[in-house]
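Undergrad: Sequence:
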Amino acid sequence: ACFAAFCAAPAVRARAPPRTRPAGCPEHLKNDPSEDVRRSVANNLNDISKDHPQVVIDTLRRWQAEDSPEMRALIAHALRTLIKAGNPDALALLGYGAAGRVIVGKLQVEPEVIAIGESLTLTFEVQSTADVPQDLMIDYILHLAGAKGKPRSKVFKLAKRTLAPGERTAIRKVHSFKPVTTRNYYPGPHAIEVQINGAVCGRVEFTLI
Numbered sequence: 012a013c014f015a016a017f018c019a020a021p022a023v024r025a026r027a028p029p030r031t032r033p034a035g036c037p038e039h040l041k042n043d044p045s046e047d048v049r050r051s052v053a054n055n056l057n058d059i060s061k062d063h064p065q066v067v068i069d070t071l072r073r074w075q076a077e078d079s080p081e082m083r084a085l086i087a088h089a090l091r092t093l094i095k096a097g098n099p100d101a102l103a104l105l106g107y108g109a110a111g112r113v114i115v116g117k118l119q120v121e122p123e124v125i126a127i128g129e130s131l132t133l134t135f136e137v138q139s140t141a142d143v144p145q146d147l148m149i150d151y152i153l154h155l156a157g158a159k160g161k162p163r164s165k166v167f168k169l170a171k172r173t174l175a176p177g178e179r180t181a182i183r184k185v186h187s188f189k190p191v192t193t194r195n196y197y198p199g200p201h202a203i204e205v206q207i208n209g210a211v212c213g214r215v216e217f218t219l220i
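Numbering-wise, the numbering used here comes out as the position in the sequence shown, counting from 1, plus 11.
A few of these clues could be false.
Only pairs whose alpha carbons sit at most 25 Å apart, straight line, appear in this in silico SDA-like list of lysine to any residue [as the list claims (entries may be wrong)]:
id, residue 1, residue 2
1, Lys165, Val124
2, Lys168, Arg112
3, Lys171, Val124
4, Lys168, Ala141
Label-pair distances were calculated between CB atoms; the ranges are [said to hold, decoys possible]:
id, residue 1, residue 2, range
5, Thr134, Asn42, 25 to 31 Å
6, Asp78, Thr192, 36 to 42 Å
7, Asn54, Arg214, 31 to 37 Å
Since the hints were derived computationally from the structure, they do not count as laboratory data. Quick reminder that beta carbons are idealized off the backbone N, C-alpha and C, glycines included.
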C-alpha cells in the first residue's frame, strides 16, 4: 500500500514544490527488499532532480552513509539526469568529484559530411596529467540542428576509466544518424563535445546533409 501511494503521490513527483527532502514514502522504501521498489524510488528522485536538484543531492548524501551495493545502485540510478548534465555535486557522489586533469588529443569524426541515415565515427585519446590515479567519466555532447533552425543538444554516455599518471586511453564511438521514434535529425551544422567529469575538454564539428 505504501509503494502504491508513493507511486501515485504528487508530492514526490517532478514539478512538485521545493522541499528540504522528498515527502512521503521514499525514506521508508529506500531499503525495501524489492529491487523494483528501490528502482521506483530512484526513478522518482530522478524526476524531482529536474526541478529541485539540490533537494535530491542533499537527500542522497544522507542516504549514502548507509553504504551497500543496493544503495550505491539506487544513488547512481537517481542521479542519471544530473550526471548527464555534468552536475559537480552529483559527480562527487559517484566518486568523480575532481575535474579531470587530462589532455584530449587526436579528436576527429569521420566522415565530416554525413547524410541522414548514415553513421559517424568519433575517435580521440585521453591522457592523464595527474600525479595520482584518477577516475574519469567520459561522455559526449551532441549539438544538433533542430527543426526551424532551433539548436538542441543531448548527452550520451561513453566510458568510465581509471588512468594512472601519464596513462593514455583510446576512445571510439559509432553514432548512427538514422531517425528513430524519439529523435529526428535535420540537415545543417552539428558538433560533438567531449565531456570528462562534467567539463568540456574538446570540440569537433561536422555537417549533416
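Undergrad: All the hints need checking, so say for each whether the structure fits it.
TA: Evaluation of the provided hints:
no. : hint                         : verdict
1   : Lys165 <-> Val124            : holds (20 Å)
2   : Lys168 <-> Arg112            : holds (19 Å)
3   : Lys171 <-> Val124            : violated (29 Å)
4   : Lys168 <-> Ala141            : holds (23 Å)
5   : Thr134 <-> Asn42: 25 to 31 Å : violated (43 Å)
6   : Asp78 <-> Thr192: 36 to 42 Å : holds (40 Å)
7   : Asn54 <-> Arg214: 31 to 37 Å : holds (33 Å)
In the structure shown, a violation is registered for the earlier hints numbered 3, 5, in ascending order.
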